[in-house]
Amino acid sequence: MSSAEAQWLDLARKGDDDAFGNLVELYQRPVFSLCYRMMSDSGEAEDAAQETFWRAYQALKRYDPQRPFLTWLLSIGAHYCIDQLRKKRLASLPLDVLPEEAVPDSSADPEDHLSRVEEQRRLRQLLGNLGPQDRAAIILRYWYDLSEEEIGESLSLSVSAVKSRLHRSRRELASQWKEPQPQIIRNERRRHESLIL
Amino acid sequence: MNHSSYEEWLLSGEELDQEQSQALQNHLQSCPDCTNLQKSWSQLEPILSASTQVDPAPGFTQRWKDNLALRRAQQQRKITWRFLGFLLAGALIFFLALVIPQLGSLPTPIGSLDWIVFSFISILAGIGELQEYGWIFLSSVPLIVPISIWIILAYSLFSWSCIWFFSIWKLPALIRSKNEAHP
Ligand SMILES: [Zn+2]
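If you read the protein sequences in the order shown, they are chains A and B. Read in numbering that gives the first Met the number 0, the first sequence has 184 at position 185, and its numbers run on one by one without any break. Read in numbering that gives the first Met the number 0, the second sequence has 119 at position 120, and its numbers run on one by one without any break.
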């Protein structure tokens, strides 16, 4: 944690709203990303991210400074999204309604870029097939590099429960994963070109 | 060793020693399921690890600040209503405590009506009597009581009404700030 960040946190804990606003600015991206991965919808992700910061704001006095602030925020966000998904029983979403995701276009080869876009779309679809808590465990493990202990802390699970959830989810993801077909990539390219034109 | 233990080795990403990886290789040669799983996972894992984060729509922090103001106002209103509800409930309990003992002695609806009419008349009569006594009091007392006492009485009445108003309007905010300081 940088010294500015520690200072904002300290001020925010004393009731300084502007300092908390700085923390929102700093952490909006990871928090929104988590909510987006969980909810698969940018509108719902926005609401969930705003709610996450509101809950953190209200619970700030209970935050333990020994713990990384981001991990604490992610824990609040993951709990909220799991609750929302359970309420809605939104176990899976049809692929068509998933929004377009910006994949950074670092390569010069458009074919390569499109295949990565396709990969990300399929990955999101597979994630949508997992149960809310399994999905959260996978997201925290791979997008945020949290250890199994940290995931357990964030999701209120024991380490062995995290291990078994991760194993089950990996197995499910891998068994559903198939290499993208060249035909799909060609279709994707046609769609992409028609959007540009 | 059974099939599911090999699956765990394949997916956990933990380092295997030489003996374990040899056992795994032997198993893979005889198990098409594990071979497929290994193939899929080796494609999927780098994609998972390479996934990027997504930015919210521009102006997220401003929206947060607007939401904060809105939510705080809502919370303030809720506390005020709760406080007023508490006062009202107190008044209702007080009223019922006065009325319920009277109801026990009223067996029929006509009796109740009788009682209400009777109470109404006696209240009116009481007010009339009070007015009478008031007049006697007001016409005689100013002559006995010195003017300084009247000033003190009027002043204390005024202070009490000020305290009453203050508690109605400011107490919810005070309670809230206290709660925030000691959650
Ligand atoms: Zn096997």
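Incorrect hints may appear among the rest.
Far from chain B, by Cβ distances over 10 Å, these chain A residues were calculated [said to hold, decoys possible]:
1. L8
2. Q27
3. N128
Calculated lysine-lysine pairs in the DSS-like style (CA-CA distance at most 27 Å, straight line) [unchecked claim]:
4. B/K38 with A/K87
5. B/K64 with A/K60
6. A/K86 with B/K77
7. A/K177 with B/K64
8. A/K60 with B/K38
9. B/K169 with B/K77
10. A/K13 with B/K38
11. A/K13 with A/K86
Far from chain A, by Cβ distances over 12 Å, these chain B residues were calculated [as the list claims (entries may be wrong)]:
12. S3
13. L9
14. Q52
15. P100
Source of the hints: derived by calculation from the structure; they are not laboratory data. Because the structure is a prediction, the values reported are computed rather than measured. For each residue, glycine too, the CB sits at the ideal point set by N, CA and C.
> Looking at the structure, which of the earlier hints fail to hold?
Replying inline: The structure conflicts with hints 2, 4, 7, 8, 10, 11, 12, 13 and 14, although it agrees with all the remaining ones.
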